[in-house]
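Sequence positions in the sequence shown follow this note's numbering and run 1 to 152.
Please note: incorrect hints may appear among the correct ones.
[Claimed, not checked] Pairwise CB distance ranges, derived in the manner of DEER restraints:
#, residue 1, residue 2, range
1, Gly131, Asn97, 26 to 34 Å
2, Asn127, Tyr42, 46 to 54 Å
3, Val7, Phe84, 43 to 51 Å
[To be verified] Within a straight-line C-alpha distance of at most 27 Å, the following computed BS3-like cross-link-like pairs (lysine-lysine) qualify:
#, residue 1, residue 2
4, Lys86, Lys109
5, Lys109, Lys21
6, Lys23, Lys148
7, Lys148, Lys86
8, Lys86, Lys35
9, Lys119, Lys86
10, Lys148, Lys117
11, Lys109, Lys119
12, Lys148, Lys119
Everything labelled a hint here was simulated from the structure, so no lab data went into it. Ideal placement from N, C-alpha and C gives every residue a C-beta, glycine not left out.
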Amino acid sequence: MLPDSNVNEPASHGFVKFRIKQKRDLPLNTKIFNKAAIYFDYNEPIITNTTLHTITQYSGYVGTINHYGSESLPWVHVYPNPFFEKATFELKNVNGNEFQFQLLDVNGKLVSSSSFKGKTFQFNQENLPGGLYFYRIMNEGMDVYSGKIFLR
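Could you put together the complete structure from these sequences and hints?
Here you go:
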């Protein structure tokens with residue numbers, strides 16, 4: 001029950017949190033495409049961009065690389081993942097030069113926030129405990145990328 005953006009634009013934003021169990025034993029480099037339909041009142045649905053998750057392997061850990069659409073659409077390469085001290089985020093096929101980076105814990109609590117310019121950002125772990133974190137990279141207040149990262 002979000003208010004219309006014409007009435008209260010900041011309060012009109014929302015998000016959905018969900019979890020999907022991945023099929024077991026998918027081969028490396030399997031590509032998983034996904035999209036969603038957003039419904040407002042009784043209007044026709046708005047179809048989101050298609051996302052692509054690729055099954056990959058990092059030093060014995062099997063995970064996914066999250067990026068959007070095809071090679072011509074925006075995506076991010078994060079490495080290493082998992083990481084110990086530093087992780088590098090390389091932004092691909094994105095407009096803009098000034099971005100905001102947010103790191104959230106598994107409870108959705110903001111644990112780090114930074115601004116950066118350019119298409120590469122290096123995150124230093126800042127004495128955070130090991131575990132799963134979620135990141136958001138935004139441009140002009142809009143999410144451009146999001147995903148998960150593991151700190152060892």
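Checked hints:
Under the hint 26 to 34 Å, the C-beta atoms of Gly131 and Asn97, about 32 Å apart, fit the expected range. For Asn127 and Tyr42, the hinted distance range of 46 to 54 Å is satisfied, since their beta carbons lie about 50 Å from each other. Checking the proposed 43 to 51 Å range against Val7 and Phe84 shows it holds: the Cβ atoms sit about 47 Å from each other. Only pairs whose Cα atoms come within 27 Å are accepted, and Lys86 paired with Lys109 is accepted, the gap being roughly 20 Å.
Our distance criterion of 27 Å between C-alpha atoms is met by Lys109 and Lys21, whose separation comes to about 23 Å. In summary, the hint linking Lys23 to Lys148 is supported, as the alpha carbons are separated by about 19 Å, within the 27 Å threshold. Using a Cα cut-off of 27 Å, the hinted pair Lys148 and Lys86 holds, with the two alpha carbons roughly 15 Å apart. Between Lys86 and Lys35 the CA atoms are separated by roughly 31 Å; this puts the pair beyond 27 Å, and the hint is violated.
For the suggested pair Lys119 and Lys86, the alpha carbons sit about 16 Å apart, so the restraint of at most 27 Å is met. This hinted pair checks out: Lys148 and Lys117 have alpha carbons roughly 21 Å apart, not beyond 27 Å. For a cut-off of 27 Å, the pair hint linking Lys109 to Lys119 stands: about 26 Å separates their Cα positions. The suggested pairing of Lys148 with Lys119 holds, with an alpha-carbon distance near 19 Å, which does not exceed 27 Å.
Violation of the numbered hints given earlier is confined to hint 8; every other hint is satisfied by the structure.
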